[in-house]
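Engineer: Below, each chain spelled out in residue letters.
Number of protein chains: 2
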Amino acid sequence: MNLLKQRILSDGQCLDNGTLKVDNFINHQMDPALMMAMAQEIANRFDNKGINKIVTIEASGIAPAILVGYLMQVPVVFAKKNVPSTMEHMISTPVFSFTKKRCYDVGISRNFLSADDHILFVDDFLANGNAAMGIIDIASKAGAQIAGMAFLIEKGFQNGRQKLLDMGIHIESLAIIKSLDNCTITFE
Amino acid sequence: MNLLKQRILSDGQCLDNGTLKVDNFINHQMDPALMMAMAQEIANRFDNKGINKIVTIEASGIAPAILVGYLMQVPVVFAKKNVPSTMEHMISTPVFSFTKKRCYDVGISRNFLSADDHILFVDDFLANGNAAMGIIDIASKAGAQIAGMAFLIEKGFQNGRQKLLDMGIHIESLAIIKSLDNCTITFE
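Respectively, the protein sequence lines represent chains A and B. At position 104 of the first sequence (counting the first as 1) the number is 106 in the numbering used here, and the numbers step up by one without a gap. At position 146 of the second sequence (counting the first as 1) the number is 148 in the numbering used here, and the numbers step up by one without a gap.
For the record, the hints were derived by calculation from the structure and aren't laboratory data. Note that the structure is a prediction, hence the values are computed from the model and not measured. Among the hints, a few may not be true.
[As the list claims (entries may be wrong)] The calculated DSBU-like cross-link candidates involving lysine-lysine, where the alpha carbons are at most 35 Å apart (straight line), are: (1) A:Lys143 <-> B:Lys51; (2) A:Lys23 <-> B:Lys7; (3) B:Lys51 <-> B:Lys23; (4) B:Lys7 <-> B:Lys23; (5) A:Lys23 <-> B:Lys83; (6) B:Lys7 <-> A:Lys83.
Chain A on its own, in the form it takes in the complex (with noise of 0.2 Å):
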């Protein structure tokens, strides 16, 4: 999506450790045109697929989801990282996070994930995967069907992709990173 793709170049900045740093349009402050425009391009690029439901997990994945289940019409699941004490029957799963060097529980609860769901997975990152892991993880426990998964960047370098590929998953990403060596952003 060369959209995004222009926006990554003039305003993505690219850090030392390796690290794509998009917090001035995706994860921190958004741009809620952009943000909109990625949406719509997601729901076009899985309208008639069936999908009764999108999915996510907080908190950055949360502002794409909310905009594509508008778009498609269906309602918006976020998973949870913490689960709160009024909420029972949670459907969980470990998931290591690469960025906080540290694991998490992710808990979407019961009530709102069954073997009637097709579901879309949003979030704004593909890297190596973990999260999207998880979520097949907790869809199989649920019984639901994974459609598809949308990803706003992937960090093509890593091994995201192909673990998830190997599992069957249509993947789409509106970006891909080939590279980021030297601190310069290039695109597959």
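Add chain B to chain A, keeping to what the hints say.
Structural biologist: Chain B only, in chain A's frame:
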């Protein structure tokens, strides 16, 4: 807002401990059409107030905030509950959560909040106002003006509103709960 009040009556659950559970349409599973209608109502109520930025706190505030930002055509910033290693220059403040019975730090990067900003704070709930007071503290440290605060649901029997009114804040809540006594939901 009658649409929201009717939905709270039909789908909200009042728990024995006095909690109002709206996790099937607001803060776990979300109804995007209702969310957009609420965002439109908020945008209408704060039209022509000179607002140039929406601020919220992860995670439940993000969905209404991105929609309000989209409608008002201004950037949206969500305060983070944990500061990632990639983010410097955070303005942070401690917030005590009664729901989770613990204190957590909330932060916004100095890059995204300045003395030029007239912000609208958007969140799902107003109860004791602790999160809102945290944002007031952060805005004050950044020199930003708070043009108003919008909440989907207010617990009118708690003291958040009075705290904010005492500070001269313009508050709009789409549904104000008068009482949850005996597990019966009544509105003001």
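Engineer: Now tell me if each hint is right for this structure.
Structural biologist: Evaluation of the provided hints:
Distance restraint check for A:Lys143 and B:Lys51: the Cα-Cα separation of roughly 48 Å exceeds the 35 Å cut-off, and the hinted pair is therefore not satisfied. Pair hint A:Lys23 plus B:Lys7 does not hold up; C-alpha atoms about 40 Å apart against a cutoff of 35 Å. At most 35 Å may separate the alpha-carbon atoms for a hinted pair to count; B:Lys51 and B:Lys23 meet this at roughly 32 Å. With a C-alpha separation of about 14 Å, the suggested pairing of B:Lys7 with B:Lys23 holds against the 35 Å cut-off.
Taken as a hint, the A:Lys23 and B:Lys83 pair is honoured in the structure, with Cα atoms around 18 Å apart against an allowance of 35 Å. Distance check on the hinted pair: B:Lys7 and A:Lys83 sit about 29 Å apart at the alpha-carbon level, within 35 Å; holds.
Of the numbered hints given earlier, the model fails hints 1 and 2; all others are met.
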